[in-house]
Structures are given as structure tokens and as C-alpha cells.
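Residue numbers (full-length UniProt numbering), protein chains in the order written: chain A, 1 to 144; chain B, 1 to 514.
Among the hints, a few may not be true.
Where chain A lies over chain B, by a calculated footprint (3+ residues, C-beta under 8 Å) [to be verified]:
(1) 85–98
(2) 164–174
Result set (DSBU-like, lysine-lysine): computed pairs, CA atoms no more than 30 Å apart in a straight line [said to hold, decoys possible]:
(3) K89(B) / K189(B)
(4) K392(B) / K57(A)
(5) K90(A) / K512(B)
(6) K76(A) / K64(A)
(7) K279(B) / K57(A)
(8) K89(B) / K90(A)
(9) K103(A) / K189(B)
(10) K512(B) / K4(A)
(11) K495(B) / K178(B)
(12) K496(B) / K89(B)
(13) K57(A) / K512(B)
(14) K89(B) / K103(A)
(15) K333(B) / K90(A)
(16) K189(B) / K178(B)
(17) K256(B) / K90(A)
(18) K57(A) / K506(B)
(19) K256(B) / K333(B)
(20) K89(B) / K64(A)
(21) K90(A) / K76(A)
(22) K496(B) / K64(A)
(23) K4(A) / K57(A)
To be clear, the hints were calculated from the coordinates, so they are not data collected in a lab. We put the CB at the ideal spot given by N, CA and C, even for glycine.
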Amino acid sequence: MSNKIVLGYDDSEAAKSALAFSVSLAKAQGAELVIVHVLEWSPYSFLTPEEIEQRHKRREEELKRAEDALLAPVRKSLEGEGVTVLTELKYGHIAETLIDVIKAHGASHLIIGRTGHSALSSRLFGSVAGSLAQAAPVPVTIVP
Amino acid sequence: MRKSIKAAALSAPLLLAATAPAMAQSVDERVNELFASSTGWFVNLIFSPFPGTSFPWIVAWLVIAATVFTIYFGLIQFRAFPHSISLVKGDYSDPNDAGEVSHFQALATALSGTVGLGNIAGVAVAVGIGGPGATFWMILAGLMGMASKFTECTLGVKYRNEFADGHVSGGPMYYMTKGFAERGLPMGKVLAVLFSVFCILGALGGGNMFQANQAHAQISGVVGEYPGWITGVVFAAVVFAVIVGGLKSIARVTEKVVPFMGIMYVAAAIVILGMNADKIGWAFGQIFEGAFTGLGIAGGMVGALIQGFKRAAFSNEAGVGSAAIAHSAVRTKEPITEGFVSLLEPFIDTVVICTMTALVIIITGQLIQDPNTGLYLLDEGASTIQTVDGNKGVALTSAAFSSAFGWFQYVLALAVILFAFSTMISWSYYGLKAWTFLFGEGEITELVFKVIFCIFVVIGAAANLGPVIDFSDAAIFAMAVVNIIALYFLMPIVKKELNSYMSRLKSGEIRKYS
Numbered sequence: 001m002s003n004k005i006v007l008g009y010d011d012s013e014a015a016k017s018a019l020a021f022s023v024s025l026a027k028a029q030g031a032e033l034v035i036v037h038v039l040e041w042s043p044y045s046f047l048t049p050e051e052i053e054q055r056h057k058r059r060e061e062e063l064k065r066a067e068d069a070l071l072a073p074v075r076k077s078l079e080g081e082g083v084t085v086l087t088e089l090k091y092g093h094i095a096e097t098l099i100d101v102i103k104a105h106g107a108s109h110l111i112i113g114r115t116g117h118s119a120l121s122s123r124l125f126g127s128v129a130g131s132l133a134q135a136a137p138v139p140v141t142i143v144p
Numbered sequence: 001m002r003k004s005i006k007a008a009a010l011s012a013p014l015l016l017a018a019t020a021p022a023m024a025q026s027v028d029e030r031v032n033e034l035f036a037s038s039t040g041w042f043v044n045l046i047f048s049p050f051p052g053t054s055f056p057w058i059v060a061w062l063v064i065a066a067t068v069f070t071i072y073f074g075l076i077q078f079r080a081f082p083h084s085i086s087l088v089k090g091d092y093s094d095p096n097d098a099g100e101v102s103h104f105q106a107l108a109t110a111l112s113g114t115v116g117l118g119n120i121a122g123v124a125v126a127v128g129i130g131g132p133g134a135t136f137w138m139i140l141a142g143l144m145g146m147a148s149k150f151t152e153c154t155l156g157v158k159y160r161n162e163f164a165d166g167h168v169s170g171g172p173m174y175y176m177t178k179g180f181a182e183r184g185l186p187m188g189k190v191l192a193v194l195f196s197v198f199c200i201l202g203a204l205g206g207g208n209m210f211q212a213n214q215a216h217a218q219i220s221g222v223v224g225e226y227p228g229w230i231t232g233v234v235f236a237a238v239v240f241a242v243i244v245g246g247l248k249s250i251a252r253v254t255e256k257v258v259p260f261m262g263i264m265y266v267a268a269a270i271v272i273l274g275m276n277a278d279k280i281g282w283a284f285g286q287i288f289e290g291a292f293t294g295l296g297i298a299g300g301m302v303g304a305l306i307q308g309f310k311r312a313a314f315s316n317e318a319g320v321g322s323a324a325i326a327h328s329a330v331r332t333k334e335p336i337t338e339g340f341v342s343l344l345e346p347f348i349d350t351v352v353i354c355t356m357t358a359l360v361i362i363i364t365g366q367l368i369q370d371p372n373t374g375l376y377l378l379d380e381g382a383s384t385i386q387t388v389d390g391n392k393g394v395a396l397t398s399a400a401f402s403s404a405f406g407w408f409q410y411v412l413a414l415a416v417i418l419f420a421f422s423t424m425i426s427w428s429y430y431g432l433k434a435w436t437f438l439f440g441e442g443e444i445t446e447l448v449f450k451v452i453f454c455i456f457v458v459i460g461a462a463a464n465l466g467p468v469i470d471f472s473d474a475a476i477f478a479m480a481v482v483n484i485i486a487l488y489f490l491m492p493i494v495k496k497e498l499n500s501y502m503s504r505l506k507s508g509e510i511r512k513y514s
């Protein structure tokens, strides 16, 4: 069985702690680390004609921004750590997309940071960490 | 005309303060007269009947086109219907393309441009003049129009222009120039210029003045009579803020609220139909009987047919070419998939929503029948059917819905305002695309169009329904004249795309992702 760990990553403090935790775990287990950043996106939202016209351009800008500001620095910071690192940039529903990535890689472990939503907003919309803990096909570690 | 509006806008507040509604009313009247006299010839040209009959040639033009496309593509609207739904659901969308405009989004945006007053006011006009039978012809026109929409939207995507910065412009003017050049046909440029001119007029007419006019009718129905130009100035200011000021928040809120308004409208109609379930059979009976006999309306069966087809075309815009502009910005490897998706538009707009409106008007007994003969009674001019309170247009729909729920008139007023607004925003975009095709892309040229667009909001709100609706129809149908000529010449290209796609779908080369 492949030994891969998936890390859901964004620019939050908790995600940085999760990164440190997953690197140490990957080292200890000799596992590969798949770092995923998901850009929240629903194909069922509504756009104005101008937004539709500009969408392709915006998407490329968003991808570039996420790559430059998030993923590239992470890869750089992990050089010389002796861990094999893959990064992926995806659009979609955060929890569903992470689950898709786990399946695609046959990963054995998911690590995410705990996001600091207010009690009200998590009650209304559900939290990403909560739904992943419920729905992920592999053990999930939630790092505060 | 612009001068007089400006003068009116400047002097009107003073007039209002000093002498009151009577004077302000006369501003409306002057606008109305000027408007009717300057557009009459154009209206007459488009709606002139075949010699010796009362059948306008333009209606035949649309019916024949929809029939030709339906036959040429082998009943594509029924064959491809399930596949179209799969496409909208995203079954065939490559997950790696997530973040691009989805088929659902393209359809929703195009729909919020078409679903609007045509479905509420236009249908009321159709059954108010053509009787219940107009509904039958409207549904038929909607079903056939699906094939026209399929053809134009496929071409719209195939021949769009992609600019270096990644933004996209498409529409009939682009398939007319590029498609004709590709097939070695002359006149593409001429058609494109003609289409663009009519598209600008259509944007100012049906996409703008008709909306402003009916929004005013609706508001004054709720709060009481007041001069139309006041509504016009307020609307113009908001439209100005969005299209010139780039106030995206308003547009974004509208785009989000409009679909829910649409769903709520249909839900309310279903509830009313449910409450009158025993009369649904009777209503369909009236629709079928009226379709072939006219039930005593002016013009009989032909009158019902003309009204049905006219209002269906005005509502779903199939063959008009506007949808080709709306759908063309979608990124897809297969232009034909956007054609499939777009054929759902006339179905949702006309076959579902317009039929709901018509059924509610008929079932709630708004149209007055002679109790002895069952024929509909005509009003004094013998041009429209007598209604319970003499209502016409959107007021008729409002009365029908309110007869079941008194509060619904307020919801409807809000819906009309939002629909009117979203349609204006969509059409300002279509008009702008035609404008930039003619005059080039550039900030100043775009600003000129946007300012003209806002001025017409005021004119539309101040003028009477009659001249506005005539001009709106005429301009939109003029687009269809040019667009359909182009579609005839370019339909073999669509057929080639269709055959290639269908064979790959059959062989399994194109398959579902999930």
C-alpha cells in the first residue's frame, strides 16, 4: 500500500501548524506528502454576463496567485527536509475535493488545520473540519 | 428627443412642486407623442401583413425558421433533451476545468436575461388580445424555438472572438463575419452591421423601455398613480450606477435574487393551480378550443396564433440572436454542448413559466366570457378582451395572482422590478457588444452607449404601453430577420458539429466523468 499523507492547506495559522505536524509525521513514517489547496467554487452559483466574460482570465489569475503566494513558498521551505512533497491546486467544494484527492492518490491519512469559524457560522454552514471528520475515507487528524 | 427629456428632467421637479401632477402628466404625454410619431414607420414595416390578409409576415418568418431548424436537425429539441440535462448537471464536465464557467452558470445567466416581463406582462398581453388559445400557440412556438436557440448558440460559441487578455466577445455579428468568410459567402459583414444596429435598438426597446414602462405600471399599481418619468429617473440612476459606475454589488445581488424570484413565481402559480385543480381540465379545454376557433376574439384563430407566436418569441428570444451573445463566453471544447444547454432555455421560459402565467389568468377568471355563448367579450375598441377590472399587461397578471393571495401583488411588484432590472442589465450587455462591434472597443465609445441606454430608461417609463410595446417588438423582431438569414446559411456547419459529436458520444469517446 502506498504511503501518502494528504494535507489540506491554506494561509491560516492552524494550517501552518498542520504543515509542521504533517512534515514530522511524514519523516517518521517515510511517507510522501501531498499538499492540497482548494479554491472554493461551486458550478451552481450565479454570475453576471460580465463575470462570465471575465471568468477564464480571473481563474488564471487566481491559480497564479495561489501558486505564488501559497504553494511555491511551501515547497521552497520544505526543500532539504528529506520529504517527497507534491502540491495540488483545485477548484471545488473544500471537503469533497479533499476526499477526491485522497482517493486519487490512495492516501492513508488526512491532516487539516482547524479553522477558527465562529460558533454561529459553523452552526449555519457546517465546518470543513467537521464534515471531513465525518466523511473522509481515511483517518483524519485535525491540528489546532 | 434627448433634448426634450433633458429639459423635462431639469424642469420637472420645479413643475411638480409648483403646479402639480397635471403639468407633469403632460411631460409624459409629450414624450409619448414624440416617441410614437418617430417610431411608427419602423413598426409598420416589421409588422406589415401579407397583402390581403391580417397575418404579419414576421410571424410567418419566425414560425418557418423554427420549423426548418426542427426538421433539419431531426427534432433535436426532443432527441437531445435528456443529454442537455446531463450537461447542465455537470456529468460531462472535466473536473480539471473546475473554476471555469459551468454550463449551469451559463444557462442561469442567459435565463435571467430572458425570464422576466415577457413571462409576466407579455403573456397577459397575449391572452388579453388573443384569448386562451394564444397559450397553445405560445407553447408550440416555445417547443419549436428550442431548435432555433440550439442553432444560434452553437454558432455563437464556435465563432466567438477571444482577445489577448483572455476576455471573450461573441454573438451573431461574429458568426456572420467569420462563418460567412469560412464558407466563402459574401455579405457577412453587411448582415453583421445590420444585426448590430437592430440589436442596439432592441436593447433600447424590449431590453430597456418595455422593462422600465412595465416596472412603472407595477409600482404605480401598488402605490397609486404618479408620473412615469419619476420611476424612469430612479431606475436610470441605478442602472447608471451598475453599468457605468461598476457598482457590482447591486448586479450581484440581483443575479442572486432573480432566480429565487423565478422559483417563487412558479411555486405561487402551482399553488393557485392546485387550489383550482378542478378547473385545470376546463382551462386546457379553453386553450385548445381557443387555439383553433379563437372563441370569438378579434381575428379568431389567426389572432390567437399571431399573439401566441409573437409573445413567445418576445419572451424566449429564440432566433433573435441575443442568447448567442449570452452563451458565447462559455469555455467549452465542444461548441455544440452550449447549443444543447441553450435549448432548455425556451423550454423553461416559455413551455413552463409562460404557460403557468396563462393558466393562472385563465383559471382565476380574469377574462370575461359571455355566460350564454362561452365566447369572450371584447371591449369598446374590439381589440382586446374585457377583463374583470379592465386590466392590461402586467396589471392583468397581478390581478390574477392577487385574486388568490391578496398580498401577492406586492411580491409580484418586487419580482417585476427585479426582473426588469436584471433584463436591463443583460440587454445593456448585449447592446454594448453590438455597439463595440460597430464602433470598436474603448472606454469612451462604451460610455456613450451606456449613457444613451440610461436616457432610454426614462423615455420608456414615461411613454404609454402601446407605442413602447410596438417599438420593442419591432426592434427585437428586426434582429430575428437578419439573424435567421445567417442561420440558414450557417446551419450546415452546426449539422457537421452535431454529427461529429453524436458519433463520438455513441462510440463512448465522449463520456461521463462521474
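Do the hints match the structure? See the list:
1. 85–98: holds (count 4)
2. 164–174: holds (count 5)
3. K89(B) / K189(B): 37 Å, violated
4. K392(B) / K57(A): 46 Å, violated
5. K90(A) / K512(B): Holds: K90(A) and K512(B) sit about 20 Å apart, inside 30 Å.
6. K76(A) / K64(A): Answer holds: K76(A) to K64(A) is near 16 Å, not above 30 Å.
7. K279(B) / K57(A): Violated: K279(B) and K57(A) sit about 53 Å apart, past 30 Å.
8. K89(B) / K90(A): 20 Å, holds
9. K103(A) / K189(B): Distance ~53 Å between K103(A) and K189(B) Cα, so the pair is violated.
10. K512(B) / K4(A): OK: K512(B) and K4(A) at ~28 Å, within 30 Å.
11. K495(B) / K178(B): The given pair, whose Cα atoms are some 17 Å apart, holds under the 30 Å limit.
12. K496(B) / K89(B): At roughly 25 Å apart (the allowed maximum being 30 Å), K89(B) and K496(B) satisfy the hint.
13. K57(A) / K512(B): Given that 30 Å is the threshold and the Cα spacing comes to 27 Å, the pair holds.
14. K89(B) / K103(A): Within the cut-off at roughly 22 Å; holds.
15. K333(B) / K90(A): 20 Å, holds
16. K189(B) / K178(B): 9 Å, holds
17. K256(B) / K90(A): Satisfied, since the Cα-Cα distance of roughly 25 Å is no more than 30 Å.
18. K57(A) / K506(B): Given pair K57(A), K506(B) is violated - Cα atoms ~34 Å apart, limit 30 Å.
19. K256(B) / K333(B): 28 Å, holds
20. K89(B) / K64(A): 28 Å, holds
21. K90(A) / K76(A): Within the cut-off at roughly 20 Å; holds.
22. K496(B) / K64(A): Outside the cut-off at roughly 38 Å; violated.
23. K4(A) / K57(A): 34 Å, violated
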